[in-house]
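Based on the provided sequences and hints, a complete structural model is requested.
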Amino acid sequence: MRSAFVLLTSLCAIMTPDIGTAPRAQSLQPAQWREIAWPFPRDAWPSGKAFTCADKSCGGEAVLSVRVKLGFCNCDAGIRDDDEVDNVADVDMITPDFRPTGPGEAIKVAEFSGRIRSYDYTANGKPRTALGLALARKCDLIAISVNSTRMDDIELRRAALERLNAQDLLKWVNRQLGEK
Amino acid sequence: MIRHNARPWLRGSVLTAALTLFVSTPAFAQTQKIGAAPEASNMKLVGYNDLQHRSAYQPTIHHQGDRWIAYIGHHGGTDAVPVPVNPINGKPEFNGTSIIDVTNPAKPIYLKHLPGQEGTYEGGGGQMTRVCDGKQLPKGDPKAVYLLRTFGGAAHEIWNVVDPANPVLVTRLEGLKDTHKNWWECDTGIAYLVSGEPSWRTRRMTQVYDLSDPRKPVKIRDFGLPGQEPGSTGAVPTELHGPISTGPQGNRVFFGYGTNKGGVLQIVDRKKLLEGPAEPTAANLKAPEIAQLPMSSLNGAHTTFPMLQMPIAEFAKDKDGQKRDVVMIVDEALVNECAEARQMVWFADITVENRPMMISSYTPSEASGKFCDRGGRFGTHSSNESMAPIYYKKLAFIASFNAGVRAIDIRDPYHPREVAHFVPAITKHTDPRCVKIDGKDRCKVAIQTNNVETDDRGYIYIVDRANTGLHILKLSGAAKKIAGGP
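Going down the list, the sequences are from chains A and B. When we follow the working numbering, the leftmost residue of the first sequence carries the number 472, and every step to the right adds one. When we follow the working numbering, the leftmost residue of the second sequence carries the number -10, and every step to the right adds one.
Among these hints, one or two may not hold up.
[As the list claims (entries may be wrong)] Using 25 angstroms as the maximum straight-line C-alpha spacing, the simulated BS3-like pairs for lysine-lysine come out as follows:
#1 B:Lys22 with B:Lys275
#2 A:Lys642 with A:Lys609
#3 B:Lys132 with B:Lys205
#4 B:Lys208 with B:Lys166
#5 B:Lys33 with B:Lys417
#6 B:Lys124 with A:Lys642
#7 A:Lys609 with B:Lys433
#8 B:Lys429 with A:Lys609
#9 B:Lys359 with B:Lys33
#10 B:Lys208 with B:Lys124
#11 B:Lys22 with B:Lys429
#12 A:Lys609 with B:Lys205
No lab work stands behind these hints, which were simulated from the structure alone.
See the structure below:
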């Protein structure tokens, strides 16, 4: 786990050059995610897995959702641009009124490549943070959304990527994609 | 929204539990065999062409002088044969458009293959075709016949096909990130081009053009659902599949969004669309809309075919509502071996335009052919789009992938019923369709009737997505009587 954490921290550092200035003391322990029921209403795609993290290891309350959308991706180009992340990453399941905070970035999680983008939105009059990740393999898509009440963007990414890289979740994703 | 050039045969990964069930019940499968007789009821085969074993999409049949010419769009090639050889010239050519003389439907003559964009499956080819006579277009060359086609996802092209064996390029509209199922009004020249304008947040939206003079295209505006336009934020509405216009007389355009999920029928005032402010703001995009009929997340809107002022026999003695305005909405099945919700045909009563309402549905019976076990896609894809009197508001023809083509009696759209079908036999060139089981491909070969069109004479043209070719059919028996035949 420790080696994985080092890898993830390095990945975050590459993705977000200002990570060195972000508050990190509270996140040095692995994020404690707990699986919960799928939190969103039935829509066009089968539901997936969802997790919540409510303690200090995540820096605040957060909900992470992961699901596979078979046949949703450009088979050759994968995730092409930020518009595609807005379109497919399930952030619209959190709220229809999300606003990107800036351009997204290319990202790789295990063998899956795609893009990650940060958003803010308002719920009950309070500002919140969200992440959308769209990862592709061949013609299939892995859609990931994260929303949080208090976490800053860097902490949110770190905690989310840590869970996404966990072997149990990667195995589940691969099973959904038709692998053994 | 579909789906980003997904390759159907690769797309077929399915839930392990469902696959286990399929694998464990082989006795129920009805695998098609090469050379077997077609499965048919009230439909007969008239003629056949192999279309050079290219995966086929939109057929348009045009009465051209004293000839009947079929223009058939193609998807890109397959991984196995990415650039099929054109036997006419012996050269490998990327899939594009097949041009076939079907004057004698029993002996179709392949005239020309017009190559399309490089690429395989939906990543290449030239899927879409529409044809207008120059003498009908307000500013067209009266000696010309114009083919509007897509060039893969990159461009729209107009060719002069007055000599269908020797097309001449007239116009090219390029710089797009995708294209799809266009509509072209031959009497006005207004074209609703399904395009991917790069700055928009969706892969497919509408570019409205004045193509009354195909040599000088004039752009009128970009159009889509609010939230798709450049600079918008938040959720992105499902992408366009295709529109159908009733022209200036009907003054409506029916847009179908979504393909197999989250479908939307949008009813638009044509005049307001063409004459309203062109800047793509949310307010300007909303202005010409009369109503939306949102569908379930489980179904899409591939084809939205209007049938207005239909007399309903059952309502003949009613004081009001004896005639109904109906739109037939056809979903597209996308995933092999039923690994999605059933995609089918829906009928919407839009007589009260701002309160459209679903009234009925139709699907081929799965049990009648064990279609979920046959391989490839099962469910509907598209309907004929000809409004010629012989079939209009009487019979609809539904391309249904491995269930072939289905003819349904729609005279009472509240109670549609199947009256004929034809499932062609596979050939040695029919391309397999695969699903993943434990990480490995398990493939089956089945007919994949992709699109269908009719001509004014009543012939029915079905084309196959899995490279089986073009079958020209005619009705018989009770189905023929519905169309007015003996």
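Right, here's what the structure says about each hint:
The suggested pairing of Lys22 (chain B) with Lys275 (chain B) is violated, with an alpha-carbon distance near 51 angstroms, which exceeds 25 angstroms. Between Lys642 (chain A) and Lys609 (chain A), the direct Cα distance comes to roughly 17 angstroms. Compliance with the 25 angstroms bound is thereby established for this hinted pair. At most 25 angstroms may separate the alpha-carbon atoms for a hinted pair to count; Lys132 (chain B) and Lys205 (chain B) meet this at roughly 17 angstroms. For the proposed pair Lys208 (chain B) and Lys166 (chain B), the alpha carbon gap of about 17 angstroms is at most 25 angstroms, so the pair holds.
Proximity of Lys33 (chain B) to Lys417 (chain B) is assessed by CA-CA distance (about 22 angstroms); at most 25 angstroms being required, the pair is judged to hold. For the hint linking Lys124 (chain B) to Lys642 (chain A), the alpha-carbon distance of about 63 angstroms lies beyond 25 angstroms, and the restraint is violated. A hinted pair counts as satisfied when its Cα atoms are at most 25 angstroms apart, and Lys609 (chain A) with Lys433 (chain B) qualifies at roughly 21 angstroms. Between Lys429 (chain B) and Lys609 (chain A) the alpha-carbon distance is near 14 angstroms, which keeps this suggested pair within the 25 angstroms criterion.
For the suggested pair Lys359 (chain B) and Lys33 (chain B), the alpha carbons sit about 22 angstroms apart, so the restraint of at most 25 angstroms is met. With a CA separation close to 22 angstroms, the supplied pair Lys208 (chain B) and Lys124 (chain B) stays within the 25 angstroms bound. Between the alpha carbons of Lys22 (chain B) and Lys429 (chain B) the distance comes to roughly 24 angstroms, so the proposed pair stays at or under 25 angstroms and holds. Distance check on the hinted pair: Lys609 (chain A) and Lys205 (chain B) sit about 40 angstroms apart at the alpha-carbon level, beyond 25 angstroms; violated.
Against the hints set out earlier in the document, violations occur for numbers 1, 6, 12.
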